[in-house]
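Residue strings, one per chain:
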Amino acid sequence: MTCTEFLALLDDLIDDSISAEMRAELEQHLHKCGHCEVVFNTTRKTIEIYRSHEIYDMPTGLRERLHAAIMARCKNGC
Amino acid sequence: MTTIQSVAGELEPHPDVALVERVRGGDVSAYDTLVRKYERQIFRISQHITQNREDAEDVMQDAFLKAYEKLDQFQGNSKFYTWLVRIAVNESLMRLRKRRTGKMVSIDEDLETEEGTVPRDLADWAPDPEQNYNQAELAEILRKTIQGLPQGFRVVFALRDVEGLSTEETAETLGLSIPAVKSRLLRARLQLRERLSRYFRRKTGAKETGPGEMGRGEMRVEK
Ligand SMILES: [Zn+2]
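Protein chains in written order, with my numbering: chain A, 1 to 78; chain B, 1 to 223.
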């Protein structure tokens, strides 16, 4: 397997949407190729960091304003 | 009416279905529950697309209000959350169009770039690289980095990787084909990785001791 072939399947490996045989082939490449190992680990880490850190905090009071707006519609509608 | 079970292939209907039914029956408090459940996600998605705090606030409000008013049109052949996300995406794009009048705004723009398709920075990262920064610094790095992505990549990454929609749901929400979502996701991930690398790479004091001078070599990738 070449690095190009590995990269083409990188997402499937990360998302675990791959057959057991293909996974074994990809892991074999990882063992031999330090560059792909770095790309694989750091890409996975990239996703994990974005998933676990809130970068846009919701402003305070937004929920209350929304609630009031919905109640106003509700009075007319239900 | 189509049942959730037959479409989603699940035995249990999604808990949102019961909440939606209650709202339709006139129980507004059930809608509050839905708002609380998804307000953060909807706000984040709106921020990712509009890149503007006030716009994101307006979009979040408008999206939930619109969903409330259109609830009768919600068919139940998709998840309530996905349906809500689609409304928020459309509202966000509309908001962008208003801001940049005359300029075409779509999630298809700026995708010519080949940047990031081939990994260049091959340095390994520190074991827990985010711990080298405090919360505020880290959030700033992550914001700056994702804001530098082309819109069409950023939205796919936000929906698929941050908010956890499936590839199919992301495609449906954005009106893209599944291969288009996949190709954008890979490029978004690789570009973010590349850009974060300068903050997170392992700080080596002097000379690299490991074999093979990792991080300086070129990856052998055919163009
Ligand atoms: Zn390789």
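By construction, these hints were calculated from the structure, which means they are not laboratory data.
Some hints could be false.
To be verified - Computed list of lysine to aspartate or glutamate pairs in EDC-like fashion (alpha-carbon distance at most 20 Å, straight line):
id	chain 1	residue 1	chain 2	residue 2
1	B	Lys182	A	Glu5
2	A	Lys45	B	Glu140
3	B	Lys182	A	Asp12
4	A	Lys45	B	Glu137
5	B	Lys203	A	Glu37
6	A	Lys45	A	Asp15
7	B	Lys182	A	Glu64
8	A	Lys45	B	Asp124
9	A	Lys45	B	Asp121
10	B	Lys37	A	Glu25
11	B	Lys37	A	Glu64
- [ ] Could you work out which earlier hints the structure fails to respect and list their numbers in ascending sequence?
- [x] Checked against the structure, the hints that fail are numbers 7, 10, while the rest are satisfied.
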